[in-house]
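Student: So you can see what is in the structure, the chains are spelled out below.
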Amino acid sequence: MKKKTIKVDYLARVEGEGALDILIEGDRVSKVQLKIFEPPRFFEAFLRGRDFREAPDITARICGICPVAYQMSSVHAMEDALGLKVAGPLRDLRRLIYCGEWIESHTLHIHMLHAPDFLGYPDSIQMAKDHPEAVKRGLKIKKIGNELIQFLGGREVHPINVKVGGFYRVPKKREFKELLEKFKWGREAAREALLWVSTFDYPEFEKDYTFVSLRHPDEYPFNEGRIISNKGLDIENREFDAHFEEEHVEHTNALHCHLKGQGAYFVGPMARYSLNFDRLSPLVQDAARGVGLGPECRNPFKSLMVRCVEVLHAYDEAIRLMESYEEPDAPALTIEPQAGVGYGCTEAPRGMLYNRYTINEAGEIEDAKIVPPTSQNQRTIEDDLYHFIPKYMDQEDEKLQWHCEQAVRNYDPCISCATHFLKLKVERK
Amino acid sequence: MNSGSKNCVIGIGNEYRQDDAIGLWIAREIQQKHLPGLEVHESSGDVAQLMELWQDADWVLAIDALSSGGVPGTVHRFEAHAKALPTENFRHSTHSLSLPEAIEMARALGELPKKLMVLGVEGEQFGSGQGLSLALQDKRQDLLQVALEEIAQSLKGVQYA
Numbered sequence: 036m037k038k039k040t041i042k043v044d045y046l047a048r049v050e051g052e053g054a055l056d057i058l059i060e061g062d063r064v065s066k067v068q069l070k071i072f073e074p075p076r077f078f079e080a081f082l083r084g085r086d087f088r089e090a091p092d093i094t095a096r097i098c099g100i101c102p103v104a105y106q107m108s109s110v111h112a113m114e115d116a117l118g119l120k121v122a123g124p125l126r127d128l129r130r131l132i133y134c135g136e137w138i139e140s141h142t143l144h145i146h147m148l149h150a151p152d153f154l155g156y157p158d159s160i161q162m163a164k165d166h167p168e169a170v171k172r173g174l175k176i177k178k179i180g181n182e183l184i185q186f187l188g189g190r191e192v193h194p195i196n197v198k199v200g201g202f203y204r205v206p207k208k209r210e211f212k213e214l215l216e217k218f219k220w221g222r223e224a225a226r227e228a229l230l231w232v233s234t235f236d237y238p239e240f241e242k243d244y245t246f247v248s249l250r251h252p253d254e255y256p257f258n259e260g261r262i263i264s265n266k267g268l269d270i271e272n273r274e275f276d277a278h279f280e281e282e283h284v285e286h287t288n289a290l291h292c293h294l295k296g297q298g299a300y301f302v303g304p305m306a307r308y309s310l311n312f313d314r315l316s317p318l319v320q321d322a323a324r325g326v327g328l329g330p331e332c333r334n335p336f337k338s339l340m341v342r343c344v345e346v347l348h349a350y351d352e353a354i355r356l357m358e359s360y361e362e363p364d365a366p367a368l369t370i371e372p373q374a375g376v377g378y379g380c381t382e383a384p385r386g387m388l389y390n391r392y393t394i395n396e397a398g399e400i401e402d403a404k405i406v407p408p409t410s411q412n413q414r415t416i417e418d419d420l421y422h423f424i425p426k427y428m429d430q431e432d433e434k435l436q437w438h439c440e441q442a443v444r445n446y447d448p449c450i451s452c453a454t455h456f457l458k459l460k461v462e463r464k
Numbered sequence: 011m012n013s014g015s016k017n018c019v020i021g022i023g024n025e026y027r028q029d030d031a032i033g034l035w036i037a038r039e040i041q042q043k044h045l046p047g048l049e050v051h052e053s054s055g056d057v058a059q060l061m062e063l064w065q066d067a068d069w070v071l072a073i074d075a076l077s078s079g080g081v082p083g084t085v086h087r088f089e090a091h092a093k094a095l096p097t098e099n100f101r102h103s104t105h106s107l108s109l110p111e112a113i114e115m116a117r118a119l120g121e122l123p124k125k126l127m128v129l130g131v132e133g134e135q136f137g138s139g140q141g142l143s144l145a146l147q148d149k150r151q152d153l154l155q156v157a158l159e160e161i162a163q164s165l166k167g168v169q170y171a
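Top line first, the protein sequences correspond to chains A and B. Going from the first sequence to the working numbering is simple: count from 1 and add 35. Going from the second sequence to the working numbering is simple: count from 1 and add 10.
Hints may be right or wrong, so weigh each one.
Unchecked claim - To give a feel for the contact side, a few chain A residues facing chain B, derived at Cβ under 10 Å:
| no. | residue |
| --- | --- |
| 1 | Pro157 |
| 2 | Asp158 |
| 3 | Gly173 |
What the hints assert, rightly or not - With a cut-off of at most 20 Å between alpha-carbon atoms, the simulated PhoX-like pairs for lysine-lysine come out as follows:
| no. | chain 1 | residue 1 | chain 2 | residue 2 |
| --- | --- | --- | --- | --- |
| 4 | A | Lys38 | A | Lys66 |
| 5 | A | Lys217 | A | Lys207 |
| 6 | B | Lys16 | B | Lys43 |
| 7 | B | Lys124 | A | Lys164 |
| 8 | A | Lys164 | B | Lys93 |
| 9 | A | Lys219 | A | Lys208 |
No lab work stands behind these hints, which were simulated from the structure alone. Glycine included, each C-beta is placed from N, C-alpha and C at the ideal position.
Only chain A is shown next, with the shape it has when bound in the complex:
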């Protein structure tokens, strides 16, 4: 039997360090392994014994692209343990800083990491030579998102203004003026970027995914909501451990996660979009329909378009929040430690991010659990490749390898997050 091995030793244009091994025997894909060899980072372990107030600053260091997601999940979990709820303008500011992160993270992926695949370029620099205006626009869209995080968070990477209960400092309404004008430009630019990516050729590939995301009664989810799926799941944050299970898999340093009794599932922009399309503003819904997207998207290659829709949403939502902002009475709630277990689930750019903490009477963290979106998607990425590769099996190895890497990049994996705790090898026999 003819066997073929394709081995990608180092996946390019993804965050972090991972590899891919594929074995093809005859006309069958017999092995797909997404190998994350970035070393485990043990955050869950060294959070133990720390003060609960340190959690947002420590967990932010898990990732440089999505630190806000870790801060938001951790502060919500701590406030849950303390029986507190942040509401009003402070709640709005949290949504606003999350808008900034979605913008900068998604836009980096769209323009620097994934668009080159669809246009046949090895990297974004080569793409920029032929598409300078699109790339310049993308860089500016991203930069404005970074500016929002800097403005509200005090720093672009690992913001320093977020705390349990709120913020250390909140802005005055007049301070938003300059940023608001930039965001109005950005909203239109985001719409143009969506139109640009809608012209790409997308492989025909769909699966009956189990999508999982938050769902809120009134809004497209960032920080709050129940955990739902398109297959009947509808639970509170605190029920996560009863329905989801992490396991160590030999070929990767990042834990896999599955739905008990169901298996692999899919978190991220496509899941959010497909489960919450009706929560997008009319402007954003119209833009999505205008480029041929329906209320649901099951082609992972079109995640590029869905990310652009979410960038547009983030700009639109940010403008709404800035225009309606009223200064809170205080930058944060008064908090006193107490023993408890708290659960926080928020929507990182790459998908649902779950945090659980146990704290004692003195406010020390006794136990921590962090489940990042890339961990949750690992099995789905491998499943995708099992189903995707047969269509391209007859191609020469170099082309097949490129298709496989493109398929992995559909998920915008954040490998550093997945190991908080692409070398592609395809073997043909």
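Given the coordinates of chain A, assemble chain B onto it according to the supplied hints.
Tutor: Using the frame of chain A, we list chain B on its own:
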């Protein structure tokens, strides 16, 4: 120095990665000297931010750490407007472009300054934490002098203490 020209020093680095902060330290020391006609900036290396900082500039001096296995404190000088930098020696995070890639992106977009000089300082330690390694602490005044001489040679009429 021609009046109306834009000249910049940009210190690039991460303050929380030990020797990766050397570019920032040098830029801050230069800032303290208040050299006439010279803008001084700090940057994490973000492409869009760099392109905005050096937009319409006539002359730019970018200072960043690098790691090529050489003696810590060694200064490598590059004329980046003329030739690409060696990508493998400049440090970068897994979620952003390195300085060489940022420069090539700017070149591809036609956004490079007329003259872009890069001083790459060989670092020793790039682990987590604030503070330069002992090797760079001992040499930092010499490194500052190298940068000041580069400024003086390139920009006529600039006085420095």
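Student: Within a Cα-Cα threshold of 20 Å, do lysine 38 (chain A) and lysine 66 (chain A) meet the stated pairing?
Tutor: Holds - the C-alpha atoms of lysine 66 (chain A) and lysine 38 (chain A) are around 11 Å apart, at most 20 Å.
Student: Mind checking the alpha carbons of lysine 164 (chain A) and lysine 93 (chain B) for me, to see if they're no more than 20 Å apart?
Tutor: Roughly 17 Å separates the two Cα atoms, so the pair holds.
Student: Going straight from one Cα to the other, do lysine 124 (chain B) and lysine 164 (chain A) come out at no more than 20 Å?
Tutor: holds, 19 Å
Student: Hint check: lysine 217 (chain A) vs lysine 207 (chain A), CA-CA at most 20 Å. Holds or violated?
Tutor: holds, 18 Å
Student: If you draw a straight line from the CA of lysine 16 (chain B) to the CA of lysine 43 (chain B), is it 20 Å or shorter?
Tutor: holds, 18 Å
Student: Given a cut of 10 Å on the nearest C-beta pair, is the interface hint for glycine 173 (chain A) held or broken against chain B?
Tutor: holds, 9 Å
Student: Please work out if lysine 219 (chain A) and lysine 208 (chain A) have their alpha carbons no farther apart than 20 Å.
Tutor: holds, 17 Å
Student: With a cut-off of 10 Å on the beta carbons, see whether aspartate 158 (chain A) makes it to chain B.
Tutor: holds, 8 Å
Student: Hint proline 157 (chain A) vs chain B: min CB-CB distance below 10 Å?
Tutor: Cβ of proline 157 (chain A) sits 13 Å from chain B, so the hint is violated.
Hint 1 from the earlier list is the only one contradicted by this structure; the remaining hints agree with it.
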